[in-house]
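A.B. asks: Residues per chain are reported as follows:
There are 4 protein chains.
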Amino acid sequence: MYSFKNDYSEGAHPKILQGLIETNLVQEAGYGEDSFTLQAIDLIKEKMENTDVDIHLLSGGTQTNLTAISAFLRPHEAAIAPASGHIFVHETGAIEATGHKVVTIDTEDGKLTPAYIQQVLDEHTDEHMVKPKLVYISNSTEIGSIYQKSELQELKSFCANHNLLLFLDGARLGSALCADNNDLQLSDLPNLVDAFYIGGTKNGALLGEALVIVREDLKADFRYHIKQKGALLAKGRLLGIQFLELFRDDLFFELAEHANKMAGLLREGLQKENIEFLIDSPTNQIFPILPNERIQKLQKNYAFIVWSKFDAERSTIRLVTSWATKEEAVHQFLKDIKA
Amino acid sequence: MYSFKNDYSEGAHPKILQGLIETNLVQEAGYGEDSFTLQAIDLIKEKMENTDVDIHLLSGGTQTNLTAISAFLRPHEAAIAPASGHIFVHETGAIEATGHKVVTIDTEDGKLTPAYIQQVLDEHTDEHMVKPKLVYISNSTEIGSIYQKSELQELKSFCANHNLLLFLDGARLGSALCADNNDLQLSDLPNLVDAFYIGGTKNGALLGEALVIVREDLKADFRYHIKQKGALLAKGRLLGIQFLELFRDDLFFELAEHANKMAGLLREGLQKENIEFLIDSPTNQIFPILPNERIQKLQKNYAFIVWSKFDAERSTIRLVTSWATKEEAVHQFLKDIKA
Amino acid sequence: MYSFKNDYSEGAHPKILQGLIETNLVQEAGYGEDSFTLQAIDLIKEKMENTDVDIHLLSGGTQTNLTAISAFLRPHEAAIAPASGHIFVHETGAIEATGHKVVTIDTEDGKLTPAYIQQVLDEHTDEHMVKPKLVYISNSTEIGSIYQKSELQELKSFCANHNLLLFLDGARLGSALCADNNDLQLSDLPNLVDAFYIGGTKNGALLGEALVIVREDLKADFRYHIKQKGALLAKGRLLGIQFLELFRDDLFFELAEHANKMAGLLREGLQKENIEFLIDSPTNQIFPILPNERIQKLQKNYAFIVWSKFDAERSTIRLVTSWATKEEAVHQFLKDIKA
Amino acid sequence: MYSFKNDYSEGAHPKILQGLIETNLVQEAGYGEDSFTLQAIDLIKEKMENTDVDIHLLSGGTQTNLTAISAFLRPHEAAIAPASGHIFVHETGAIEATGHKVVTIDTEDGKLTPAYIQQVLDEHTDEHMVKPKLVYISNSTEIGSIYQKSELQELKSFCANHNLLLFLDGARLGSALCADNNDLQLSDLPNLVDAFYIGGTKNGALLGEALVIVREDLKADFRYHIKQKGALLAKGRLLGIQFLELFRDDLFFELAEHANKMAGLLREGLQKENIEFLIDSPTNQIFPILPNERIQKLQKNYAFIVWSKFDAERSTIRLVTSWATKEEAVHQFLKDIKA
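Residue numbers (this note's numbering), protein chains in the order written: chain P, -3 to 335; chain R, -3 to 335; chain U, -3 to 335; chain D, -3 to 335.
Bound conformation, chain P alone (with noise of 0.2 Å):
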């Protein structure tokens, strides 16, 4: 049984491994103040050619938006998401839980518009409904989807014209950043949004996601909210040496390239078959759409999500690739496609 259920079924990449055996000794101070995340904090700022943006490292990507959103917002203000948005879907209400509502709009590709925000703010005009005032967006989407730098710019421009504040839940960044028609470069980022995290977890960490704040506003205290959520780890280290691993050198890049690759071979295999896509993704979530018979011989031997019933006879399931996708279980897959 092979697995292309996520991208976090393995543990880390064996170089990360080797960062915790090596400095496993040394004494250092607790709570994320130790050298490794300081370290890590600035090899990121330098590969985001940014010295001015806060960095803070945490543990997974609900406790993140979670911490992130309910920091930024005050009670009465609302997230504007797509209505594929993690936030909205897979979090178990963890924004309402901190007291906010999430304020939904249907996407064809789950990326938000200019015009779609506009939509909700001519909904919410007074004081007897929630003022929207963050704007949540995923790159890549949960469905695969990437944003092009003109979309983000054109967002960005209209979330300040607008006073509303722009975040980028960054779970699957690597892959967008890497995937074949992205424009976009890290280093845009603090640019185009006020607040986004790159993922660790899903591309190659044991945990961890580091979160950067651009607006300075939004940068006060924030400290005081990752221990208030439980989100400040006693041996903060562990975050920090991971990511130190990840952009040394720029494993985190080569991590998401070869999940994208592999993407990309299930992806040209499938088509080579005549089989369709609910969606056009460039990125490691695919989404082919199968007869259910041969789904149901797939899942002998292979582990994967059905994702949606497509028609009487056919369902899509969910393909994710991840840095530790091995080449020739994707040729095993795409034998057992056609056979």
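Just so you know, the hints here were simulated from the structure itself, not pulled from any lab data. What you are looking at is a predicted structure, and each value in this text was computed from that prediction instead of being measured. Misleading hints may appear alongside valid ones.
[What the hints assert, rightly or not] Restricting the straight-line Cα-Cα distance to at most 27 Å, the calculated cross-link-like pairs of lysine-lysine (DSSO-like) are:
1) K215(R) - K1(R)
2) K152(D) - K215(D)
3) K293(R) - K334(R)
4) K43(R) - K257(R)
5) K1(D) - K322(D)
6) K334(P) - K257(P)
7) K331(R) - K305(R)
8) K268(P) - K334(P)
9) K215(R) - K215(U)
10) K11(U) - K11(D)
11) K11(R) - K11(P)
12) K215(P) - K215(D)
[Said to hold, decoys possible] So these bits of chain R aren't anywhere near chain P, every CB distance computed over 10 Å:
13) N61
14) E324
15) K331
[Unchecked claim] Distance ranges between label pairs, derived from CB positions:
16) D246(D) - D122(P): 46 to 52 Å
17) T109(P) - A216(R): 40 to 46 Å
18) H158(D) - T109(P): 44 to 50 Å
19) E150(P) - S183(U): 44 to 50 Å
20) E119(U) - A216(D): 33 to 39 Å
21) D122(P) - E119(U): 26 to 32 Å
22) S31(R) - S183(U): 53 to 59 Å
23) H158(D) - V302(U): 49 to 55 Å
24) L39(U) - D217(P): 50 to 56 Å
25) D307(U) - Q181(P): 46 to 52 Å
26) D118(P) - K322(U): 32 to 38 Å
Each residue gets a CB set at the ideal place from its N, CA and C atoms; glycine is no exception.
Dock chains R, U and D against chain P, hints included.
C.D. replies: Leaving out everything else, chains R, U and D in the frame of chain P:
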């Protein structure tokens, strides 16, 4: 510079890192449903000779406290804690952030008794005040003291009679259970409290606390709460593998014993120098009272916390030992004290 | 300028003011423990032929909804509501501010059915999503429609089978119970829902909603929740006296009948002019569709809300009548429509 | 049985009821946008000789405290209060329910000073603890004492220097401003605190507190918070009309003077009998110390609260007078004391 600042200055016990390496490429389910976590849970139940409890693995103490306490209480219910309790002092209002007041009592030794709790109950008589519902205790306490079995029995009985929940913060449970005058066993705990956790972070793990829920009506839907609080790690295996290593061959107790032994050496060495202590602590935190001048000299070579002013010329310091404390460092410290 | 804007444009029915005056200098206990409140509660129980329910008097609809729903739910549980539901649209995220997500369903007529709820249950399958627990309905709904007894029976039975709570927002319950085609009686409600409230504010009181808690396990400690949410009036008598007046001689029903009668006159008069309606509403809110030009003319002499655009040339307006609506104003409005 | 239990045992001053009757059928806008509310706000601003403040009318003290404090604070910020403060003792954890810790200080007289606050600041040094941000004081205090102008000036200056907000709970502000040794005027308050409220409920209104927000950065979007907390009355006129009556001809001060006068008569009468007081209170709450036996006799004809045990034979009782207290009842009480 050698640090006696805390018990989380180093990484993890080498066996734990070895466990991570050996299992690294095994594909596993996410979110704590991996086979390592399931095995670890079974193993801990076995060690506790109790298969009726529910066990969940979380990342850190504050996270475990806030997730459990907010899951256990209704909105108007409050926790009762000693004024020195971690949830009151050092969690940035994490419990209050979930909506619950922490009612405190000043104690001598960081421990609650039925008499103390009765005082709180006497003062909270109607719906204009919160309803005290959960009794929060720590073992070992924040100042190193421990509960005897009979003390917990009295608390348990009092709580049962007054419809109160008894919750034990075991961030340093290992040290407590391995203390010289301790008469508690891990297997006693499910009979003595309604929920508690076994601290891994401060006893040799990179991170990790095992929350044990004993009381039946506190178990339902607990994974929802973990997820909602951002505490469900995608790679839950990271916690499972560590607890497997900690409990497979009783490494957990071995490490705590080492920490206690090192603290014992320090304690005895200091006593020989006629140094007094703020409190008689049998665990891995000790609180000697030293002349300010001598403290300053020590600070050149050792990191530790100056806990409180004792009198015009003396202060209390906190020395913490851990699974990783080197015996030669202890001897050197004692030598330096004499000098 | 005459207002058909809402049902809270005037003060209170004169009998209610008279009640306040007559009792004004009687010294009474505070916080809802006065004799008037106790009498009012007994009287309402009597009218409902049910002495097992608990009744609490609160000030307004949003306050009642947020206090009840947050008291009834555990942190991970969510409310299910029609997308037109007041708690979702017009309460500034009050439910979310207490930590709970509101999951919505688009409906035609503002009413939920088992089939709609089943859809939500089908989509919420595990701990990565909130757990739907409370079904929120309004009667009459926000768009004037009402539930038939059989419809509530089906909902009740569905909820019981799926371990869901059924909560009815009765801000306009009077109008619903007095509608022409209504077959529900106040005394039916305790058998059909787990909790509901009887709206006073929109039916002749200065302020006041009577929350009726039917289900045994929702009753405990409810006064704590009222106090915690700032909803326990020091002079609770203000609520007690009003509900006494409303129910002593069935003034509550008399006032609702008047409101409905006035809406009926409007409806029939408009129908005679071949004016269509957005929805067939038998209660005190009606939604005629008028040419934009005519709307503008009417706005010179009448206040009302323009509800929505209907087509290029027409919009829907909302006309609301109340206990205080003057019949001559209705006739004048109909005359002006013709002109 | 005559009650000295509190200052909310009766309804409202007749002029207020008269105001309600006279305006009853005027159609007005809902939700505090009616002309009465607008006039009342203008009138209060005029009385304070300050048109820069924002004023909002709410229903009760707990509601006002929780709405204001939760609107003013970010999630990690806490309130500082005397241990006798209403928000700490008698609001069922309402502030904590909005996510904020209340840090308390034991005081002799229920009043805070810069020295007390400095203590709290000294203890809250980093992100492992909440950040104290808002100083909560009451005038008059919960035990009847009042602030002198110079005391508020010192607090204001200290708060300004330490980036703290100063919030004054004025549930009994009338009584404070009309006390014999008071040197504060209503018009001083906007210069001395960042926000405060003028209590109507305990000074002759049916319900109602006028929240005055002075500091510019606390004003934005405040109506959203009122609505979200369930505190925006549909018939906001009920509050507007009452405050119009209270301030039109200085009825507010007249009523407070009466209450104080009645308390003064009681105080002097008791002093003549050589009865001691727990605290020297110049306002409408006094705290005489009486033999338990005498208390029991008095309880046959008078309702009041037994505040605390004083010694083996004596207890302190609380006597509260109000706008409605009858002078003959006071004389009779004093007569009965002598007997």
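A.B. asks: Could you run down the list of hints and mark each one as holding or not?
C.D. replies: Quick rundown of the hints versus the structure:
Distance restraint check for K215(R) and K1(R): the Cα-Cα separation of roughly 36 Å exceeds the 27 Å cut-off, and the hinted pair is therefore not satisfied. Between the alpha carbons of K152(D) and K215(D) the distance comes to roughly 19 Å, so the proposed pair stays at or under 27 Å and holds. Among the hinted pairs, K293(R) with K334(R) is consistent with the structure: their alpha-carbon atoms are about 12 Å apart, no more than 27 Å. Taking the CA atoms of K43(R) and K257(R), the gap is about 23 Å. The hint holds against a cut of 27 Å.
A distance of roughly 14 Å separates the Cα atoms of K1(D) and K322(D); the hinted pair therefore holds under the 27 Å criterion. With a C-alpha separation of about 20 Å, the suggested pair K334(P) and K257(P) falls inside the 27 Å cut-off, and the hint holds. Taking the CA atoms of K331(R) and K305(R), the gap is near 24 Å; set against the 27 Å cutoff, the hint holds. Annotation: proposed proximity of K268(P) to K334(P) holds, straight-line Cα distance about 10 Å (limit 27 Å).
Restraint check: the Cα-Cα separation between K215(R) and K215(U) comes to about 22 Å, which is no more than 27 Å; the hinted pair holds. Restraint check: the Cα-Cα separation between K11(U) and K11(D) comes to about 18 Å, which is no more than 27 Å; the hinted pair holds. Straight-line distance between C-alpha atoms of K11(R) and K11(P) comes to about 18 Å, which keeps the hinted pair within the 27 Å bound. Of the supplied pair hints, the one linking K215(P) and K215(D) holds, its CA atoms being roughly 22 Å apart against a limit of 27 Å.
For N61(R), the non-interface assignment is contradicted: its Cβ lies about 8 Å from the closest Cβ of chain P, within the 10 Å cut-off. Look at E324(R): its CB is around 14 Å from the nearest CB on chain P, clear of 10 Å, so calling it non-interface holds up. The beta carbon of K331(R) is kept farther than 10 Å from every beta carbon of chain P, the shortest such distance being approximately 19 Å. Separation of D246(D) from D122(P) is about 35 Å and departs from the stated range, judged on CB atoms against 46 to 52 Å.
Range check, T109(P) to A216(R): Cβ separation about 42 Å, and the 40 to 46 Å hint holds. For H158(D) and T109(P), the Cβ-Cβ distance of about 45 Å falls inside the hinted range of 44 to 50 Å, so the restraint holds. Evaluation of the 44 to 50 Å hint for E150(P) and S183(U) yields a failure: the beta carbon distance comes to about 59 Å. In this structure the hint that E119(U) and A216(D) lie 33 to 39 Å apart at CB holds, the actual value being about 37 Å.
Checked against the given bound of 26 to 32 Å, the beta carbons of D122(P) and E119(U), roughly 31 Å apart, stay inside it. Between S31(R) and S183(U) the beta carbons are some 57 Å apart, a value that agrees with the proposed interval 53 to 59 Å. In this structure the hint that H158(D) and V302(U) lie 49 to 55 Å apart at CB holds, the actual value being about 51 Å. Judged by the Cβ atoms, the range 50 to 56 Å given for L39(U) and D217(P) holds: they are separated by roughly 53 Å.
Range check, D307(U) to Q181(P): Cβ separation about 48 Å, and the 46 to 52 Å hint holds. Checked against the hint of 32 to 38 Å, the C-beta distance between D118(P) and K322(U) comes to roughly 36 Å, which is consistent with it.
Of the numbered hints listed earlier, those contradicted by the structure are 1, 13, 16 and 19.
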